[in-house]
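Enquirer: Letter by letter, the chains look like this.
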Amino acid sequence: MSYSNDCPTPSATSPWQHLTDAAMSPRLQTSGCESFSQSGRFALKMVWMTSRLCSILVAGAFAYFAIATVPAHGQSVPRAADGKPDLNGIWQAMNAADWSLEAHAAGPGTTPVLGALYATPPGQSVVEGGEIPYLPGARAKQQQNFAKRQTDDPAAKCFMPGVPRATYMPYPFQIVQSAHSMMFIYQFADAVRTIYLKDPGPAPVDSWMGWSVGHWEGDTLVIDVTSFNDQTWFDRAGDYHSDALHVVERFTPRSPDTLLYEATIEDKNVFSRPWKISMPLYRHVEKDARLLEFKCIEFSEELLYGHLRKKSAP
Amino acid sequence: MSHRSFIRRVAPALAGLFCFSLAASAQTGVPRTGDGHPDMDGTWTNVTITPLERPKEFANKEFFTPAEALVYEKETRTKRNRDQRQRGTVADVTNAYNDFWWDSGTKVVKTLRTSMVIDPPDGRIPALTPERLKQLQVRVDAVKARCAQPGCEEENSGLLGPADGPEDRPLMERCIHFGTIGPPMMPSAYNNNFQIVQTPGFVAIEGEMVHDTRRILLDSSPRLPASVRQWKGDSRAHWEDDTLVIDTTNFTGETRFRGSDENLHLTERLTMVDKDTIMYRFTVDDPTAFVRPWTAEYPLLRQDGLLYEYACHEGNSGLVGILKAARSDEAKAAKATSK
Numbered sequence: 001m002s003y004s005n006d007c008p009t010p011s012a013t014s015p016w017q018h019l020t021d022a023a024m025s026p027r028l029q030t031s032g033c034e035s036f037s038q039s040g041r042f043a044l045k046m047v048w049m050t051s052r053l054c055s056i057l058v059a060g061a062f063a064y065f066a067i068a069t070v071p072a073h074g075q076s077v078p079r080a081a082d083g084k085p086d087l088n089g090i091w092q093a094m095n096a097a098d099w100s101l102e103a104h105a106a107g108p109g110t111t112p113v114l115g116a117l118y119a120t121p122p123g124q125s126v127v128e129g130g131e132i133p134y135l136p137g138a139r140a141k142q143q144q145n146f147a148k149r150q151t152d153d154p155a156a157k158c159f160m161p162g163v164p165r166a167t168y169m170p171y172p173f174q175i176v177q178s179a180h181s182m183m184f185i186y187q188f189a190d191a192v193r194t195i196y197l198k199d200p201g202p203a204p205v206d207s208w209m210g211w212s213v214g215h216w217e218g219d220t221l222v223i224d225v226t227s228f229n230d231q232t233w234f235d236r237a238g239d240y241h242s243d244a245l246h247v248v249e250r251f252t253p254r255s256p257d258t259l260l261y262e263a264t265i266e267d268k269n270v271f272s273r274p275w276k277i278s279m280p281l282y283r284h285v286e287k288d289a290r291l292l293e294f295k296c297i298e299f300s301e302e303l304l305y306g307h308l309r310k311k312s313a314p
Numbered sequence: 315m316s317h318r319s320f321i322r323r324v325a326p327a328l329a330g331l332f333c334f335s336l337a338a339s340a341q342t343g344v345p346r347t348g349d350g351h352p353d354m355d356g357t358w359t360n361v362t363i364t365p366l367e368r369p370k371e372f373a374n375k376e377f378f379t380p381a382e383a384l385v386y387e388k389e390t391r392t393k394r395n396r397d398q399r400q401r402g403t404v405a406d407v408t409n410a411y412n413d414f415w416w417d418s419g420t421k422v423v424k425t426l427r428t429s430m431v432i433d434p435p436d437g438r439i440p441a442l443t444p445e446r447l448k449q450l451q452v453r454v455d456a457v458k459a460r461c462a463q464p465g466c467e468e469e470n471s472g473l474l475g476p477a478d479g480p481e482d483r484p485l486m487e488r489c490i491h492f493g494t495i496g497p498p499m500m501p502s503a504y505n506n507n508f509q510i511v512q513t514p515g516f517v518a519i520e521g522e523m524v525h526d527t528r529r530i531l532l533d534s535s536p537r538l539p540a541s542v543r544q545w546k547g548d549s550r551a552h553w554e555d556d557t558l559v560i561d562t563t564n565f566t567g568e569t570r571f572r573g574s575d576e577n578l579h580l581t582e583r584l585t586m587v588d589k590d591t592i593m594y595r596f597t598v599d600d601p602t603a604f605v606r607p608w609t610a611e612y613p614l615l616r617q618d619g620l621l622y623e624y625a626c627h628e629g630n631s632g633l634v635g636i637l638k639a640a641r642s643d644e645a646k647a648a649k650a651t652s653k
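One line per chain: the protein sequences are A and B, in this order. Residue numbers for the first sequence follow my numbering, beginning at 1 and rising by one. Residue numbers for the second sequence follow my numbering, beginning at 315 and rising by one.
So here's chain B without its partners, still in its complex pose (with noise of 0.2 angstroms):
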């Protein structure tokens, strides 16, 4: 390593560390509940355009520079911008949202990190189990055999997806779940606004995406059985020093974040840096879907606004229109070779 690559590539590195020491130390001067403590009552946001999983493109990079934060902030930004569109195509259509209802941020993590995920220190999401890949492909090849008849919609995520009926629509087209608030709670394109309620005994997160609420108990009440399934998990917590640890079981394995299933155990970890940060760290366990255990981690930072009410599946007539068209194609197909 060169003198030169040695400052590209270490003192970054060094820069983020020294930057996140010092919030470390700073912690001391955080509010405290009336049971000592940090008291992390507020309204908070995870909005940023770091990404999960560190790009090919800054491979064996963890931290930017601040000018290349700047860069990669620019770049991202024109990219994503909803605004641009050319008449005319598929896009104009169906990705109906212009640029004023999309909120996904526009700066990365304070820490300058590359990428959320921490470890492995690639930044990169493990491997699936060869067995949880193939559960995976049985799902998508049987959603591909049913597209071959006419009534396939297109998903959110762009892919084809059959619409005989709502069950066949993702999750979020149904107003069910949205990985906002996960768990983990992962920022998205809008609403990545939270309030904490903060109890000696319990907290309450509410997600303002489709205003979905965790229900986080600090006692030793036994976990619920095996057989009883949450879309949000059972979630239990405690204190580890200044650091709220949440341990969250008995998911139902159909929100498969990253491919994880139901023995997914999240482990999160709520550590308040200042008066305005909270460092939320996340490790996924989950045996049966990923090689190895993962780790993430992004700042929620304070805002001043409120929370408002996202009544989604009171308004939900997206659904309605999925499932007619798929109705219409039908009808259209049928009349083709009526004919």
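Bound conformation, chain A alone (with noise of 0.2 angstroms):
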């Protein structure tokens, strides 16, 4: 968005309209404004001088803040009995990730009789880069995903949703982290992972969620998730992978209440080469937070079973 160009006219529909223009264009005092009459010009001053005033107000309070609740990195973050990060809590991302990985405009829902609360939210990429890089012509499958997103998402039958999905569901899930063990538990699908940290060898399945060894390196929990099979999504736009799949997810403590995310997905069947997607986690923090249970199967039968139903009697 660029303002610099436009001139600013006294009869802009709002007084905030003047002054957030004028405090993102500094060079509106210097061209395509001659025109403009000697008193505009005096009031454009003052809401200048007066935006300059504010700006400079508003940075301080954001540095007194900054300072007092968001120290440098990894000074303030909870910490375990044995030094590191202490990641216990219930985190959700907040983007629209699930809706598409890659950029996305606002869209109509799969069934636009439900309304405005179905509509595909916009998003803006997660993916580093921008774009997912798929094989030549492996795209097609998203394609094809997408037209039959409404009955074929993994995630509309309520199956557990695999990794990295579950982490960006706009669904909260929870880290338990004792002493010797972590588990995560999300809400969608009562899915469930242990992250192993000493290593318990290869997995002798492959399964929905993976299997989980992680490490830290520092404050980043790393988690090295492998034996996926090749029945789920990374979104609802049909993002696609094979049982080949390998993820690298790292959480970093960037704050006492957000993480850092990132995750570097690699397929040699579906994708020309590994790439990452990153996004801050939240903690909940309103008070009595908690994970209720979310049982979705039961919500999930019609689409899998209504065809299977009594038809009733004519």
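Hint data in this document are derived by calculation from the structure and do not stem from the laboratory. Worth double-checking, as some hints may not be accurate.
[As the list claims (entries may be wrong)] Cβ pair distances, simulated, as ranges:
1. L303/A - G515/B: 36 to 44 angstroms
2. S278/A - G635/B: 40 to 48 angstroms
3. D643/B - E302/A: 19 to 27 angstroms
4. G635/B - E302/A: 17 to 25 angstroms
5. A459/B - N269/A: 49 to 57 angstroms
6. K646/B - P200/A: 44 to 52 angstroms
7. R396/B - D82/A: 45 to 53 angstroms
8. L135/A - R396/B: 41 to 49 angstroms
9. Y504/B - D243/A: 23 to 31 angstroms
10. L303/A - N374/B: 32 to 40 angstroms
11. D82/A - Y411/B: 42 to 50 angstroms
Just so it is clear, CB atoms sit at the ideal spot from N, CA and C, and this is done for glycine as well.
Hey, can you piece these two chains together into the complex? The hints should help.
Expert: Structure below.
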């Protein structure tokens, strides 16, 4: 967004509009506004000065709060007895990545009759570089998936969502970290996974949530996840993978109540190179925050078994 | 009571008590967390062939002698062996799993109790209230009435049940809820494995059966309002000395543990008696369902293995088959009447 070539008019709809526009356009004074009247110029100067003052005050306030509550990286994050970050808590992403990891505009839902609540919220890409590097020809399957997402998205069937999708679905998850163990409990579909901090050896069989082996690199929890099946999607847009999927997740505390989540995704059958997503995760800080039950099986039964119902007598 | 019958009846009970108190005195050797509580982190199993209720033949017998336990174990294993099936019988095809798939235990509990129920002292679950019996009978009658029509399938219990849609089927067939996780957590036919992750403010108990995880808060935050019900209820815990006491309410009423309803108030007590044993005791208090509260106990035993993902719903072709079979029965019946 750039306002620098526009001349704000005194008849702008809101007094705040002036302030905002002026604060964002330091070049207002120098070009493109010569035809402005003297009084207009004076008014503009006053606005500009006020806005400068305001922005200094605001910046100062921000700096103060930054020092008071968000100290330099890693300093005030909660810590366990062994000195590692204590990740215990209920976390959630706050973005539209579950609708598509890539940038997408708002759009209608799959069933427009359900109205605005089921429309697709817009979102910016969480993929480094913007786009997922599909192998030549591999994009087509994603597009087919997208077209059939209402019935084919495994999450619509209340299937376990896999990794990394479980992290950024619009449902919270809980990290339970004791002195010896770590468990992630997801609200969606009661998905759960143990993070093995001692390597238990290879997985005996492929699974929906994968086989997670974790270790600490400084303050970052690094989880190597393998042995996935090929049944889950990355998002409602139908981005997909094969059973060769390998995900490396990184959870880094960036303040007491936020984590930086990064996941590197590798699958030689579908992508031309490893690619990375990243996003912040936010702690549920509200009083009495808790992971309520969302046993979604019941809500998927019409989709899965509706065609097998007894037809009512004519 | 003759001298001999005293030895037969009381001695094993005393022996059992002695073993238990011996175990209890070893409690000082249990691992502890940084905040001094017994550390229950790890994987556990509750597999046992000890029945919840005392079998009639052991009335008035609270404990087995070790010799009696061996006999009971052998008899039970033989009786339950699923590889004994007669070709051409219904049991041969409806009990689809052979013995390889079952893991219902081979041993009675370490305490040698003849039942998990310890109160009432007769080891039997108290009677249901007349009102509750009536409610449950209404359900049974409704099922029977509907089963006068074709399309009634046999449930896991071996009883007929309608299959007009998934809602007609038992919760287990739909992979929604198993008594293995409960609560109370009850040993069942397989997947009797649990993982506990214990922090000062929260205890997670994951059941391997359908990857269901109990979320137990150790704080004084208010309970969920009565309008919010959960399959596994709403659990709060606190420590009473070395015992983790879990209080659970807000059940749906749909799980019907031995006839319980939505007013079930469950108290579970987990006491680590040695580093490899947690004594698990629960009290069922549900005045609208049972004429009196009752209590049962069994030990959770530490195991070396890991828990594995059991994707029940994701692979539920069984339910598809049940519904298809019911539709097929209806179609056949319709064809027969139209002839």
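Enquirer: Now tell me, hint by hint, if it's right for this structure.
Expert: Going through the hints against the structure:
1. L303/A - G515/B: 36 to 44 angstroms: For G515/B against L303/A, whose Cβ atoms are near 38 angstroms apart, the range 36 to 44 angstroms holds.
2. S278/A - G635/B: 40 to 48 angstroms: holds, 44 angstroms
3. D643/B - E302/A: 19 to 27 angstroms: holds, 22 angstroms
4. G635/B - E302/A: 17 to 25 angstroms: holds, 18 angstroms
5. A459/B - N269/A: 49 to 57 angstroms: holds, 54 angstroms
6. K646/B - P200/A: 44 to 52 angstroms: holds, 51 angstroms
7. R396/B - D82/A: 45 to 53 angstroms: holds, 47 angstroms
8. L135/A - R396/B: 41 to 49 angstroms: 48 angstroms Cβ-Cβ, so the 41 to 49 angstroms window holds.
9. Y504/B - D243/A: 23 to 31 angstroms: For D243/A against Y504/B, whose Cβ atoms are near 26 angstroms apart, the range 23 to 31 angstroms holds.
10. L303/A - N374/B: 32 to 40 angstroms: violated, 55 angstroms
11. D82/A - Y411/B: 42 to 50 angstroms: holds, 44 angstroms
This entry does not satisfy hint 10, going by the numbered hints stated previously; all others are met.
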